[in-house]
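One-letter residues, chain by chain:
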Amino acid sequence: MSSIVSDLKGDGSTVMSGRKMMPPVVRGLLWALIAFLIFNTLISEVFDRMPYHPFVTRASVTVGWLAAVCAWLLGVGVWEGVVKPAFGRETHWETPTDWRKYFMYSTDHRVIGMQYIFSSFGGFLIAGFAAMLMRLELLNRNLWVFSNPGAYLSTVGIHGTVMMFSVGTVGLVGGFGNYLIPLMIGSNKSAFPRLSGISQWLVPAGIATVVLSPLLGQWTTGWRGYQPLAGQDPAGIVFYYLGVFALTTSSLMVAINLTATILFKRAPGLTWNRIPMFAWGMLTVSLLNLIWLPEIQMTFLLGLLGAIIPLPFFTQVGSPLTYLEVFWLFGHPEVYIVVVPAFALWQEILPVMGQKTLFARQWGVIGLVFVMILSGMVWAHHMFTNMSNGQMLPFSFFTEIISIPTGFAYLVAIGTMWRARLRLTTPTLLVLMSLFNFLIGGVTGVMLADPVVNLQLHDSFFVIAHFHYTIIGAMIFSWFAAFYYWLPKFSGRMYNERVGKTLAVWIFIAFNAAFFQMFLLGLHGMNRWVPVYPGYLQPMNFEVSIFAILLGIGFVLHLIHIAWMWHHGPLLNDRNPWRSKTLEWQAASPPGAVNFEKIPHVVRSFYDYSDERMAVEEPAGER
Amino acid sequence: MGDIIGFVVAWIVVAVLGEWGVSVLKQHSLYYYTITTQGLDGENAFGFIITLLVPVFAFIVVMLLYNMIRFGSLKLQAQRSPKQFYNNKVFVSVWIVISILLNLLFFVHPTASAIEQMFNSEEARYNRHDLIVNVTARQWQWLFSYPQYGITQAQDANGNSVLYLPNDRTIKFVLRSYDPFHTYDPNAGVVHSFWVPAFGMKQDIIPGETRYLYIHTNKITSYSVNPMVRVQCAEVCGPGHPFMEAPVSVVSNADFQAWVAQQKKLQS
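Each protein sequence line maps, in turn, to chains A and B.
Quick note: the first sequence, position 352, residue 403 per this note's numbering, numbers continuous.
Quick note: the second sequence, position 91, residue 1104 per this note's numbering, numbers continuous.
Looking at chain A on its own, in the form it has when it is part of the complex (with noise of 0.2 Å):
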């Protein structure tokens, strides 16, 4: 029995009936494809004729998109479960109880953390797919795979907008936060659960904006939107902000659900002082997602307004500076909501892997607060080469401090470790990797944000090597490790620990071998951005690509590892193989109708291994 059917049941708008629909996906493309049509033509045919009257025109692109992308929400079951209810009519909307529930609109928090999943697994697999082509072009240093320099850059803005807006922000985020949030805190769901099986359809539309662009025209300017760069080029831009908008409010929804349910769906006795490490994690992260989403949202659609109408904001505004200080007042923030899950991650899995109690569990709560609230002072050291010298010392204060609250989460990481029995899982192993990567991430990080060095470094290849050790380094390795860790709650199955761990390491060399050699490369003067370069680098990174389709193969591999394990892995008799405490695993695996058929009464501390009392009052069901 789906637990949709009970979700649905239980708020009382939705009634089951053996009536036939077409696929919800296919309606939803259908619909979106005739709301395109139809507004589309309004515009570039009626309101707004250009001379030569194109069919296509970038105000009747927009509006067509939002049209389409609206069609599209209503086709995959917002109409009926949204929509209709709300005026309060009877809908007919069938649940089926198989892989089918994961292709259509839901309200279970548990089918919709899946469809994150999915969503930014299909995202990471497109804007991989991207990396391949652009290291396989910087193989060569003459143009061989892309016949012109814009298509190469078209790419990297892809690849870059893509793997930020779905990956980096949401893997974690909407797909484990959406799924195990409710059962971490003994919840049956989430806060919002309509407004949750929404936002999760704007992720695969967001996606396919973006990767779509080239089909308006090429854009320069990389996942930034740099103006005025971007004010020249041709329409693909427009593409450009249309995706961010779809994918960050889709963030923006997950934000206020999982902020909401952490604050308000807390089962009994969970006080602040039992918040589970990865719930702080989301918590701090989804209230960074609210106060810099609007913000970026904002001016991408002043840089959108410019694009169509035109409003020439940025390029009237006095000085381009302007674009470049409202973007990275996000930018930085950003690049913490992608690592902060990551940070709780470790926090999470490591008392659990060497039954050990956490180690200054405060201090590590504390720096993720103090890292959420130090990293919107930090933005302009992204622009130390264009501001005047004065403002670089408060900006590069408050960068070097950060790494105070950052380090605490190695304080707790170390010392949960240290005389510790640690289980060395797949899991395990992709937390100390990922430990390693940040920390190179985070020592370049401190020369980067040295002004004078800075001066010498930043939009060279070093930069790149270092935001791809904190991105891909930490953020990717904790994904893959909360996937190990998490598949016996997905699935009831285990993964292969040999092929694992085989995996495990493959990726950590490629990762190390590839990336470290671009600090490397952007030292010997490798700038970026150049699909050509000088004959002197061609060499090195010869062997960066070699190493950077070996990790793109590694990934694909851990993937179809993961995903034959979900359905043929040896099955688990036992709901918590891990023998943890968290709530989670307290509920079965995978977990049934409900999460929990009686709430659990929280009466103990989840990271106390010095006994064996579990920290629910009568466990439900004791196997």
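Rather than coming from a laboratory, the hints here were simulated on the basis of the structure.
Any given hint could be a false lead.
Listed next, the in silico DSS-like pairs over lysine-lysine satisfying Cα-Cα at most 30 Å (straight line) [what the hints assert, rightly or not]:
| hint | chain 1 | residue 1 | chain 2 | residue 2 |
| --- | --- | --- | --- | --- |
| 1 | A | K152 | A | K135 |
| 2 | B | K1278 | B | K1185 |
| 3 | A | K552 | B | K1278 |
| 4 | A | K552 | B | K1096 |
| 5 | B | K1277 | B | K1232 |
Pairwise CB distance ranges, derived in the manner of DEER restraints [said to hold, decoys possible]:
| hint | chain 1 | residue 1 | chain 2 | residue 2 | range |
| --- | --- | --- | --- | --- | --- |
| 6 | A | Q367 | B | P1193 | 49 to 59 Å |
| 7 | B | P1095 | A | A644 | 52 to 62 Å |
| 8 | B | K1102 | A | R151 | 29 to 39 Å |
| 9 | B | S1126 | A | P105 | 57 to 67 Å |
Using N, Cα and C, we set each Cβ at its ideal position, and we do this for glycine too.
Following the hints, put chain B in place on chain A, whose structure we already have.
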């Protein structure tokens, strides 16, 4: 206690080896190739940070490895760790104090001290006899002119822009981004970044603003000696971005005068 001693010994060994490696790297130049005093200042700051961070880096890496090897277990069965503790106030206090002190130190030196030095080198009183080079960045070309010598556009025999600089001289680059061939569109300019990797620093060029970059050359060299001696746009400026480069030569004063005379002949 045994674990602590074992760890500390391993940490010291790795840190010392690391420092030795860094000192070897420093002798080979951390920036590969630097031809300005400003670049050397940056390189020294870089070296100072690395030197201080090696023990920190070694602490964490050795800790991760030590934990993994000493306390790691390949058995999958969960077994409670015999040692359990919530906190260690001494360790946490030392950690926090050291991380604060290290950050304050980095802020004072090299951050503030090196910026101070940079401010100073840009003071007008130190720059009365600079060679002025006007740099114009257009999409996608560098244009160099030498107003003190009446050279309006320095170029080689093929018409490609070249940058010639005398050795042991302070150069004041005046940086502007606009298209002198399309002056009817004042908004055509985009952000560029003036970067000679061997200079050890760069400066972005913002349309509508005039910016300055001061360097003091200290080595006779050229693009053919080391390809890092080239002007390269470092900020994405459209499809032509990778091609926006120009070779640089740093020559003796006599050779520079000869080059000026040759440029003037070319111009007339």
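How the hints compare with the structure:
1. A:K152 x A:K135: Between A:K152 and A:K135 the Cα gap is close to 20 Å, so the pair holds against 30 Å.
2. B:K1278 x B:K1185: 24 Å, holds
3. A:K552 x B:K1278: Answer violated: A:K552 to B:K1278 is near 70 Å, above 30 Å.
4. A:K552 x B:K1096: Status holds; Cα separation ~27 Å.
5. B:K1277 x B:K1232: 25 Å, holds
6. A:Q367 x B:P1193: 49 to 59 Å: 22 Å, violated
7. B:P1095 x A:A644: 52 to 62 Å: Roughly 40 Å apart at Cβ, these two residues miss the hinted range, so it is violated.
8. B:K1102 x A:R151: 29 to 39 Å: The hint (29 to 39 Å, Cβ to Cβ) is violated, given that B:K1102 and A:R151 are roughly 56 Å apart.
9. B:S1126 x A:P105: 57 to 67 Å: Holds, since B:S1126 and A:P105 (Cβ atoms, about 59 Å apart) stay within the stated range.
When the structure is compared with the earlier hints, violations turn up for hints 3, 6, 7 and 8 and for no others.
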